[in-house]
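Participant: Between the sequences and the hints, there should be enough to build the whole structure, so can you do that?
Residue numbers (our numbering), protein chains in the order written: chain L, 183 to 544; chain R, 183 to 544.
No copy is singled out in the list; a pair is fine if it fits within one copy or between any two copies.
Mimicking BS3-like on lysine-lysine, the simulated pairs with C-alpha atoms at most 30 Å apart in a straight line are:
id: 1; residue 1: K307; residue 2: K501
id: 2; residue 1: K258; residue 2: K232
id: 3; residue 1: K501; residue 2: K355
id: 4; residue 1: K501; residue 2: K303
id: 5; residue 1: K303; residue 2: K258
id: 6; residue 1: K307; residue 2: K212
Hints were generated in silico from the structure; no laboratory data involved.
There are 2 protein chains.
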Amino acid sequence: MISQESAGAVLTIDLQALADNWRGLKGRLKPGADLASVVKADGYGLGADKVASALARAGCRNFFVARLDEGIRLRKALGSQGRIFVLDGPLPGTAKEFIAHDLIPVLNEAGQISYWASESKGQAKAALHLDTGMNRLGLPSVELADLQPALEACGLCLVMSHLACAEESQNPKNALQLRWFLEARKNLSHLPASLANSSGIFLGPDYQFDLARAGVALYGVNPTPEQPNPMAQVVQLQGKIIQVRAVDTPETVGYGATHRVEAPALIATVGVGYADGWPRALSNRGCGVLGGVRVPLVGRVSMDLITFDVTKAPSHLVKPGGFISLLGDGLTVDDVAETAGTIGYEILTNLGPRYARSFVGA
Amino acid sequence: MISQESAGAVLTIDLQALADNWRGLKGRLKPGADLASVVKADGYGLGADKVASALARAGCRNFFVARLDEGIRLRKALGSQGRIFVLDGPLPGTAKEFIAHDLIPVLNEAGQISYWASESKGQAKAALHLDTGMNRLGLPSVELADLQPALEACGLCLVMSHLACAEESQNPKNALQLRWFLEARKNLSHLPASLANSSGIFLGPDYQFDLARAGVALYGVNPTPEQPNPMAQVVQLQGKIIQVRAVDTPETVGYGATHRVEAPALIATVGVGYADGWPRALSNRGCGVLGGVRVPLVGRVSMDLITFDVTKAPSHLVKPGGFISLLGDGLTVDDVAETAGTIGYEILTNLGPRYARSFVGA
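Facilitator: Now the structure itself:
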């Protein structure tokens, strides 16, 4: 547990906003459809145990993680409640762990199917992942017929696929994947089905089937990038000012002397760096907010520190121990991602282990 | 503890190579100079406890971390041996923790100096950080005279500064910082001094003073980018193949359908993604090595997965459960960083928590 006194930054996670996002997304589903929560990558960087527990309290009964280890940790956090699906599926030598921890593997390919059929002995459940054009994980539908006998011994409780371009509502690949999914599951139509991720929910009821899987939207990232963000912001990040420097020409700031001061300036050094997942790509490009004023990130992002030109901020706030907002106060995860040349998912999942974490709204 | 069976990748850390790097760098110092190890950011992502313990066995007696919490953890790992310096310095409310855990704060500014003078009561040590042109952390030398009385109550045991451009051997800023450091410490010449980081060691004996501080070079990153890398490689990363797909035209791979297959191809999906610190900037640009053959990363890096075109790799190795080298087998941290448009430091410090970690050479 890292204290706010010692930490270089405070990450605040609003579990109420998270639960509201889950309820809001569930409200968009057609009658009878349920909403699972994707909490892989440690709950998109926010802490899977706390996040999943809050979602369970909101009514969520189905959770998805990527790795077996994530599933084992999550099962401990949730106790016996809820179903936990593991997207990697049963890698060689892991079937016993799945069964021991009441985890449901997602079967992705022929080897996993035959392995699970033989190890589970019909005593444990599994989901089947059909590939419909992502070509990453999932069974090609042409292999389905040959595997039918093995699949019958797998205890299937769900058939699923994954959309490649769901955030582009007009991309023809969406309809193509939907068609292939409908075609492939014809012989599996007795099983509940799942296709939509966060963005897929917004493609409409045809994509929602029995179980939609909400991930990034739960955490406040915009699932409809072509439109305003319908989600509530879940995270705030406050970077602590460690030192304030008065700097004048011809001085420079930081590694490589990439920022040259052009007039007398106040530089605030904050305890966040790329080792905290604040991307080095934000060097001389990012910004923060201090007392309602946007302050530019100047110089290079270094491993543990960033520097802001706070000359225009309210002077009574410019002092060691004060805080500059890096997320929140009008700065969204999507804003930061765009400036860094990436997507909000990468910003979230890289939020670092050195922050003091504060969970509110539980 | 994550097992190799369940993990999506295995990170192997060679503590022998690390110790060899420490000894090699120490051998470059002038007689009488000592070499500290910088183990902040969890030992540059490799595990500060294990890394620092191995360095202590090699003879290292001085360690630097960034945050107080890192210092507290490291003190537990090292027991009573060695000096641990904390670069952030004593933030408000933290002096007692420094003293309780036998940690040496680096005093960066007037507030920290007066706070430490009043709290430590001459019973605990500290280092003084003079800024010589980085304008990030450190005391401007013009403030030295006024602070002399307070400094005398701080128990100073080291005076230090930090180079901004040391990896560029011909950059005139190096000589300028050296001159300012010599000038500023005139009234502190009774104290041992420290200026050089990894790259600074290679600028020669004038920069080495009493204590050099080796960081990234210990971990195998090239401290002399203008020349071949003199350091031994410390990390290997082996990504596990989860699934292999035969794909043909006109199919695409991954999110956004950014990779279009141009002929029948084998695609291997590996359990590493940007949530593991494998940068999304490597989408359609990175590579791995399988059976001695370089295999291109195709499609987008996703949160938990990457995809390689393994068509040209030895076919008996192309199977679930096999491994593709992401670091090692001729791929260095610097190589990956260059492809991703960043520096090796960011690749190292973002190596993720989901890898099975194997320490060898202890």
